[in-house]
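Build the full structure now, drawing on both the sequences and the hints.
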Amino acid sequence: MSIKRVHAHYIYDSRGNPTVAVDLETDKGLFQAAVPSGASTGIYEALELRDGDKTVHHGKGVLKAVDNVNSKIAPALIAKNFNVTDQAAIDKFLIELDGTDNKGNFGANAILGVSLAVCKAGAVHKGVPLYKYIAELAGIQKVILPVPAFNMINGGSHAGNKLAMQEFMVLPVGAKNFKEAMQIGSEIYHHLKKVIHKRYGLDATAVGDEGGFAPNILDNNEGLDLLLEAFKASGHADKVVIGMDVAASEFYKSDAKKYDLDFKNPNSDQTKWLTGDQLADVYKSFITKYNVKSIEDAFDQDDWDNWSKLLSQTDIQLVGDDLTVTNPKRIKQAVEKKACNCLLLKVNQIGTVTESIEAATLARSNGWGVMVSHRSGETEDTFIADLVVGLATGQIKTGAPCRSERLAKYNRIMVIEDGLGDEAVYAGQNYRKP
Numbered sequence: 001m002s003i004k005r006v007h008a009h010y011i012y013d014s015r016g017n018p019t020v021a022v023d024l025e026t027d028k029g030l031f032q033a034a035v036p037s038g039a040s041t042g043i044y045e046a047l048e049l050r051d052g053d054k055t056v057h058h059g060k061g062v063l064k065a066v067d068n069v070n071s072k073i074a075p076a077l078i079a080k081n082f083n084v085t086d087q088a089a090i091d092k093f094l095i096e097l098d099g100t101d102n103k104g105n106f107g108a109n110a111i112l113g114v115s116l117a118v119c120k121a122g123a124v125h126k127g128v129p130l131y132k133y134i135a136e137l138a139g140i141q142k143v144i145l146p147v148p149a150f151n152m153i154n155g156g157s158h159a160g161n162k163l164a165m166q167e168f169m170v171l172p173v174g175a176k177n178f179k180e181a182m183q184i185g186s187e188i189y190h191h192l193k194k195v196i197h198k199r200y201g202l203d204a205t206a207v208g209d210e211g212g213f214a215p216n217i218l219d220n221n222e223g224l225d226l227l228l229e230a231f232k233a234s235g236h237a238d239k240v241v242i243g244m245d246v247a248a249s250e251f252y253k254s255d256a257k258k259y260d261l262d263f264k265n266p267n268s269d270q271t272k273w274l275t276g277d278q279l280a281d282v283y284k285s286f287i288t289k290y291n292v293k294s295i296e297d298a299f300d301q302d303d304w305d306n307w308s309k310l311l312s313q314t315d316i317q318l319v320g321d322d323l324t325v326t327n328p329k330r331i332k333q334a335v336e337k338k339a340c341n342c343l344l345l346k347v348n349q350i351g352t353v354t355e356s357i358e359a360a361t362l363a364r365s366n367g368w369g370v371m372v373s374h375r376s377g378e379t380e381d382t383f384i385a386d387l388v389v390g391l392a393t394g395q396i397k398t399g400a401p402c403r404s405e406r407l408a409k410y411n412r413i414m415v416i417e418d419g420l421g422d423e424a425v426y427a428g429q430n431y432r433k434p
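Counted the way full-length UniProt numbering counts, the sequence shown spans residues 1 to 434.
Hint data in this document are derived by calculation from the structure and do not stem from the laboratory.
Any given hint could be a false lead.
[Claimed, not checked] Derived lysine-lysine pairs resembling BS3-like cross-links, with alpha carbons at most 30 Å apart: (1) K289 <-> K338; (2) K338 <-> K253; (3) K64 <-> K80; (4) K179 <-> K232; (5) K264 <-> K193; (6) K176 <-> K257; (7) K309 <-> K329; (8) K309 <-> K338; (9) K193 <-> K179; (10) K289 <-> K257.
Right, here's the structure in full:
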């Protein structure tokens, strides 16, 4: 059950940028993993190592990370003769081998590729599906199918439109099962396309990095109005709620301590920049008018006071992404400051499977929800589909029901649900605490 060979190479992600892929071989076969990459990255994330040579791939090459796997990690890992099912010990070894707090030596993209491949191999060696193996690693007794948070409208750093807020999402909490949730999401998506086409013309139905539509609108209320119209047309209005990823760090003006909702305009009017309190009022209007139930990264990653204030004033799900970066230290800080009540779990923010599980466990032990997430630069790797079912977190966001790198995850969850048969449980209305 030991590892025979580890080999990294680079492939291209959904944005056409290089990313790390790892092949791991045992006597049971070949196991492959690919690493995703974010666009709106938190400053506290583990380091994604890029080559920085502007003449090749615009500086985004990953040859250094690939070489770190092949020349440093692989020989050391194989020499230790670990049992491939010893995920925690292998991840600990990788972290110690790197020797830095943020995986800045080898790169989190190098380490994660190996960690994911080890986990996939471990499941096969145990003779169980990957989601069951992850549940075992995490001490989860009963797996749960998540509510998908479909990214219907893209803005922010994910789209070339004027919209400041990054994701306008639909959560089919009233579906009977994951399969029905997919149908609801798909039908709303196609109704939304018609609504946008009718209102703004065909070119407005172009999609962003995560498959959501990117109409060239500036007003965030307009984005929410479009969703309501699509809900009505689809007949599913009573089965869905709205979630948002604001990604406010992207438009925070730290010098002025204000938020610029016209940040893509180099000549934006500074008199219209908002204070934290004013932005909080915008969110409260969304909650009242549009029944928004989940808001991610409502404020800048270091604007703790406004986070805490909003949490005390609302009862919705406030999700930390750039705020918490799947990092136990940041999660503990957010718990102490009562800043949010849900963790966005991204495996590449922390860099190993074990640490991802630990982050989820820590969040839940403090009464938080957990939403598993893709990155905007994705691959066809479906690991997070098994992760969300195995950890039984009850919610996942992995883009629109469009673009194969997004559908790969949703389709994998459908396959898992099918395989579970009568044992399948869909989180539904209990998505925050399944």
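Cross-check of the supplied hints:
Proximity of K289 to K338 is assessed by CA-CA distance (about 26 Å); at most 30 Å being required, the pair is judged to hold. Between K338 and K253 the CA atoms are separated by roughly 24 Å; this keeps the pair inside 30 Å, and the hint holds. Between the alpha carbons of K64 and K80 the distance comes to roughly 23 Å, so the proposed pair stays at or under 30 Å and holds. Restraint check: the Cα-Cα separation between K179 and K232 comes to about 21 Å, which is no more than 30 Å; the hinted pair holds.
Between K264 and K193 the CA atoms are separated by roughly 24 Å; this keeps the pair inside 30 Å, and the hint holds. About 44 Å separates the Cα atoms of K176 and K257, which puts this hinted pair outside 30 Å; it is violated. With a C-alpha separation of about 21 Å, the suggested pair K309 and K329 falls inside the 30 Å cut-off, and the hint holds. Distance hint between K309 and K338 is fulfilled; the C-alpha atoms sit about 9 Å from each other, no more than 30 Å.
Distance hint between K193 and K179 is fulfilled; the C-alpha atoms sit about 21 Å from each other, no more than 30 Å. For the hint linking K289 to K257, the alpha-carbon distance of about 27 Å falls within 30 Å, and the restraint holds.
Comparing the model with each earlier hint shows a violation of hint 6 alone; every other hint is respected.
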